[in-house]
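Which chain is which? The protein sequence lines are V and B, in order.
If you count by UniProt numbering, then the first sequence holds residues 1 to 207, one letter each, in order.
If you count by UniProt numbering, then the second sequence holds residues 1 to 207, one letter each, in order.
Calculated directly from the structure, the hints in this document are not laboratory data.
All C-beta atoms, glycine included, are put in the ideal place defined by N, C-alpha and C.
Hints are supplied without guarantee of correctness; some may be wrong.
[Claimed, not checked] Sample of chain V residues with no beta-carbon within 12 Å of chain B, all distances over it, derived:
#1 16
#2 27
#3 52
#4 72
#5 114
#6 116
#7 154
#8 168
[Claimed, not checked] Taking CB as the label site, the calculated pair distances span:
#9 B:138 - V:19: 44 to 54 Å
#10 B:41 - V:30: 37 to 47 Å
#11 B:19 - V:187: 22 to 32 Å
Number of protein chains: 2
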Amino acid sequence: MTSNRTTPSRLAKRASYETDTINAILDEALFCTVSYVQDNQPMAIPTAFARNGDKLYIHGSVGSHFIRSIEDGAPVCITVMLADGLVLAKSAFHHSVNYRSVVIFANAEKVTDDAERMNVLALITDHLIPGRWNDLRPTTDSELRKTTVLAFSLAEASAKIRTGGPNDDPEDAHLPTWSGVVPLHTVRGTPIPREGGEHVSLPNYLP
Amino acid sequence: MTSNRTTPSRLAKRASYETDTINAILDEALFCTVSYVQDNQPMAIPTAFARNGDKLYIHGSVGSHFIRSIEDGAPVCITVMLADGLVLAKSAFHHSVNYRSVVIFANAEKVTDDAERMNVLALITDHLIPGRWNDLRPTTDSELRKTTVLAFSLAEASAKIRTGGPNDDPEDAHLPTWSGVVPLHTVRGTPIPREGGEHVSLPNYLP
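Model the full assembly from the supplied sequences, consistent with the hints where possible.
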């Protein structure tokens, strides 16, 4: 799981190539950012995704400029970041962020088998809202034809993690400034029914 | 604020070039992702930032591979995304995400004036934790020398926003499936003091 591209030059102690570590971050994060190159210009798009085994999947409209730019296997860099906390030190210099991130270098492989494509759409849907897929009417052939599904190998994936409190300088320890961590969480609020749908009861997979 | 690069080819109704719209998203988001190109390979790094006027600023170690790759003005794409909600439709096809995002195409300008550099460090610190900077001991010359500060013009910035409920097909309206929006929020938890710092009272700018 390592290559020149995934080996960090600094702060190497924060890096990990453990499959379990990488997978846990990918499974918790809701969105990734896919970066690619067009005419020497970097481009980046946030999008939903899902992981299955050693592959990460995204989907999009067959007409999407983004999807068409990468579907033939142009190199991409996919990043995922979970921000866990703001680290407040006694000096500005030692302020930091607790985070878990994954960086993946890969090339898209277009998924062509319809059963596999349908399975990926279920995975992406249930990644965002576990239990949702089985509650939906079947996806039609026409909807499936309008959708491109791309797979990316996780062979060149690495994780970076920072945890814990501030690394204050010993000579700052006596300063009266509060230092520590302000945790950050992503939470789901009370579901808001669509207009006219107030009478439909909430499924038990929603908060 | 428009260019070929910032004009979307699809779903143009979601795009905005209004400075106020762009600035509000940048001011609310805590992190951005900076994408750049190295040997035809896209690379992307999540990082803290701050906006001031029509500039976005980041900072990093003078030894950082990332900072050194872009400090001489290589083209970058900076993305910011606020995920506001999961949009649940009655079909998988119409599931969506409510979000506010900004994409910026720019080239780094190195900030060389020490007073301006110090001001940017204050802005980035207070962007993450409003009120923090004035509570800290002064940043030393040595710390400042170890820090690179980069500015990016917002001239080529655009925002994309999706709000509201699902766009269900009319023929799906009768289906008994719940549809609507599950809001997403980023919240700050109870601050955790550093080991041995439990006696220091919380400043009033912390939650």
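Status of the hints after comparison with the structure:
1. At roughly 16 Å, the least C-beta separation between residue 16 of chain V and chain B is larger than 12 Å, which holds for a residue marked as non-interface.
2. Every Cβ of chain B is farther than 12 Å from the Cβ of residue 27 of chain V; the closest lies at roughly 16 Å, confirming the non-interface assignment.
3. Residue 52 of chain V, annotated as away from the interface, keeps every beta carbon of chain B farther than 12 Å; the closest lies near 16 Å.
4. With a least beta-carbon separation of about 15 Å from chain B, residue 72 of chain V lies farther than 12 Å from that chain, consistent with its non-interface assignment.
5. At roughly 14 Å from the closest C-beta of chain B, the C-beta of residue 114 of chain V stays outside 12 Å, upholding its exclusion from the interface.
6. The Cβ of residue 116 of chain V lies farther than 12 Å from every Cβ of chain B, with a closest approach of about 15 Å, so its non-interface assignment holds.
7. Non-interface call for residue 154 of chain V relative to chain B: holds, since the shortest CB-CB distance, roughly 16 Å, exceeds 12 Å.
8. At roughly 7 Å, the least C-beta separation between residue 168 of chain V and chain B is not larger than 12 Å, which violates its mark as non-interface.
9. In this structure, residue 138 of chain B and residue 19 of chain V meet the distance hint of 44 to 54 Å, their C-beta atoms being roughly 45 Å apart.
10. A beta carbon spacing of about 26 Å between residue 41 of chain B and residue 30 of chain V contradicts the range 37 to 47 Å that was offered as a hint.
11. As the Cβ distance of residue 19 of chain B to residue 187 of chain V is approximately 31 Å, the hint placing it in 22 to 32 Å holds.
Violated hints, in rising order: 8, 10; the structure is consistent with all others.
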